[in-house]
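Student: Using the hints, put the two chains back together into the complex; each one sits in its own frame.
So you can see what is in the structure, the chains are spelled out below.
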Amino acid sequence: MPVVKNTNVQNASPKKRSKGNLPTINDEIWFPEQLAKVNALLDNAILLPPHNQKVKKHK
Amino acid sequence: MNIETYSYHTINGKEYWFVSVGKKPIKKMVQFKSTTYKNVVNLGFGDQLPDGRIDDKSVSNNGDTNKVIATVIQIAHDFTTQFPHLKIAFTGSTPGRNRMYNRVLKMYYKEFSKEFVITAFVEKRETMFEVDFDPDFSGNYLVFFVRRKT
Chain A
7 MPVVKNTNVQ NASPKKRSKG NLPTINDEIW FPEQLAKVNA LLDNAILLPP
57 HNQKVKKHK
Chain B
6 MNIETYSYHT INGKEYWFVS VGKKPIKKMV QFKSTTYKNV VNLGFGDQLP
56 DGRIDDKSVS NNGDTNKVIA TVIQIAHDFT TQFPHLKIAF TGSTPGRNRM
106 YNRVLKMYYK EFSKEFVITA FVEKRETMFE VDFDPDFSGN YLVFFVRRKT
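Chains as they are written, first to last, in the working numbering: chain A, 7 to 65; chain B, 6 to 155.
If we strip away everything but chain B, and leave its shape as in the complex, we get (with noise of 0.2 angstroms):
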């Protein structure tokens, strides 16, 4: 993504931050974490309040948007770079971000399938399916998978 990405530090490998400078500095925190199938991890996203506490559902308005969301890809690489067996799962906290996560997955479809497998949860006849990422698909898709390219 030809978009400016804020730095970011890493404790361990697995979990990440940065200091988005929009409007007012908000720290957002990035977390790998093993889900129940194997090689297959959560990405969560969220903002750490000026209390400590961990919130995924804040709408920050900092007006950057486009900057954080391409750091956390730009962590998801750098992720995928020491770990290129796992595949990350994400998923809005609301829908309105599971949206979001869906608007920049087709605008930047072309560049990301250059490195990434996409794949996405459908719900057909009330059993979840795992397809390919398709950026023409008008419906809703649940849950974005990423894996890097072998």
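Extracted from the complex, chain A is given alone in its bound form (with noise of 0.2 angstroms):
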């Protein structure tokens, strides 16, 4: 099994680091053009309805 590090933002590359003291790489989009053909394709597409409606608990 492999190992899971959750790693703080002291250990992130120092161009991440310098952005500030908490883990601002979350707001960053790593690849958005394979994110930008994703959200296209989904806002012209038919999607099947929730295989399990319990999914809106986490709304």
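Among the hints, erroneous ones may be present.
[Claimed, not checked] Label-pair ranges, simulated between beta-carbon atoms: (1) A:Ile52 - B:Thr99: 23 to 29 angstroms; (2) B:Gly18 - A:Pro38: 17 to 23 angstroms; (3) B:Ser12 - A:Glu34: 20 to 26 angstroms; (4) B:Lys115 - A:Glu39: 29 to 35 angstroms; (5) A:Ala42 - B:Met112: 26 to 32 angstroms; (6) B:Asp83 - A:Pro56: 20 to 26 angstroms; (7) B:Val64 - A:Ala46: 20 to 26 angstroms; (8) B:Gly18 - A:Glu39: 21 to 27 angstroms; (9) B:Asp137 - A:Asp49: 17 to 23 angstroms.
[To be verified] With a cut-off of at most 30 angstroms between alpha-carbon atoms, the simulated DSS-like pairs for lysine-lysine come out as follows: (10) B:Lys154 - A:Lys43; (11) B:Lys72 - A:Lys43; (12) A:Lys43 - B:Lys115; (13) B:Lys119 - A:Lys43; (14) B:Lys115 - B:Lys43; (15) A:Lys43 - B:Lys32; (16) A:Lys43 - B:Lys129; (17) B:Lys62 - B:Lys29.
Everything labelled a hint here was simulated from the structure, so no lab data went into it. Using N, Cα and C, we set each Cβ at its ideal position, and we do this for glycine too.
Tutor: Structure (structure tokens):
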């Protein structure tokens, strides 16, 4: 099994650390083209209904 | 999957990285990002280049494709353990990479489908439809989705 480490911001790259003490890395989009492609397809697609209605409980 | 995986790290449970140690060390980045569709997140995947830039089109030919893919799948498993209500969308940054994802899903469909609901987008008459993933389908899937079974 892989080792999962919950590293903190101090372990982020210098570029990320320089932005502040909080892990602002989460605000960045690393793969904008992939995200844009998926969003564009989702916006014009017909999706299956949720398989499990319990999903609504997490709203 | 009975394939060895790399150890990986996460900063906040939505962004992960690991180092592919094939012919040369390459930092691999995985990011889950919200889409415009509720409860659907995009899995972005690519390399971090030596200059710090992130590249999702490079073909590293590092000789460890199966181990890298197995690690990304393990990360998706980890992510959906934390967020079981979220559906993960992913698509290749190139047609070739999309075909590779399709091959991997076909190859390990029996194993994946025990834990994940797998669906995909197909285009019919210029409209995109989400359908159940069929390992025997010979056409092109444009986007894949996985969600943990509950």
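Student: State for each hint whether it applies.
Tutor: Structure-based check of all given hints:
As the Cβ distance of Ile52 of chain A to Thr99 of chain B is approximately 26 angstroms, the hint placing it in 23 to 29 angstroms holds. A C-beta distance of roughly 21 angstroms is found between Gly18 of chain B and Pro38 of chain A, which places it inside the suggested range of 17 to 23 angstroms. About 23 angstroms separates the C-beta atoms of Ser12 of chain B and Glu34 of chain A, a value consistent with the hinted range of 20 to 26 angstroms. Separated by about 32 angstroms at the C-beta atoms, Lys115 of chain B and Glu39 of chain A satisfy the suggested range of 29 to 35 angstroms.
Our hint of 26 to 32 angstroms for Ala42 of chain A and Met112 of chain B holds, since their Cβ atoms are close to 29 angstroms apart. Look at Asp83 of chain B against Pro56 of chain A: about 23 angstroms separates their beta carbons, and that is inside 20 to 26 angstroms. About 24 angstroms separates the C-beta atoms of Val64 of chain B and Ala46 of chain A, a value consistent with the hinted range of 20 to 26 angstroms. The hint said 21 to 27 angstroms for the Cβ distance between Gly18 of chain B and Glu39 of chain A, and at roughly 24 angstroms that hint holds.
Between Asp137 of chain B and Asp49 of chain A the beta carbon distance is about 22 angstroms. The supplied range of 17 to 23 angstroms therefore holds. With a CA separation close to 26 angstroms, the supplied pair Lys154 of chain B and Lys43 of chain A stays within the 30 angstroms bound. At most 30 angstroms may separate the alpha-carbon atoms for a hinted pair to count; Lys72 of chain B and Lys43 of chain A meet this at roughly 26 angstroms. With a CA separation close to 28 angstroms, the supplied pair Lys43 of chain A and Lys115 of chain B stays within the 30 angstroms bound.
The hinted pair formed by Lys119 of chain B and Lys43 of chain A meets the criterion: a straight-line CA distance of about 28 angstroms does not exceed 30 angstroms. Restraint check: the Cα-Cα separation between Lys115 of chain B and Lys43 of chain B comes to about 28 angstroms, which is no more than 30 angstroms; the hinted pair holds. Pair hint Lys43 of chain A plus Lys32 of chain B holds up; C-alpha atoms about 24 angstroms apart against a cutoff of 30 angstroms. Under the criterion of a C-alpha separation no larger than 30 angstroms, the hint pairing Lys43 of chain A with Lys129 of chain B is consistent with the structure, at around 18 angstroms.
Between the alpha carbons of Lys62 of chain B and Lys29 of chain B the distance comes to roughly 18 angstroms, so the proposed pair stays at or under 30 angstroms and holds.
When each numbered hint is compared with the structure, no violation occurs for any of them.
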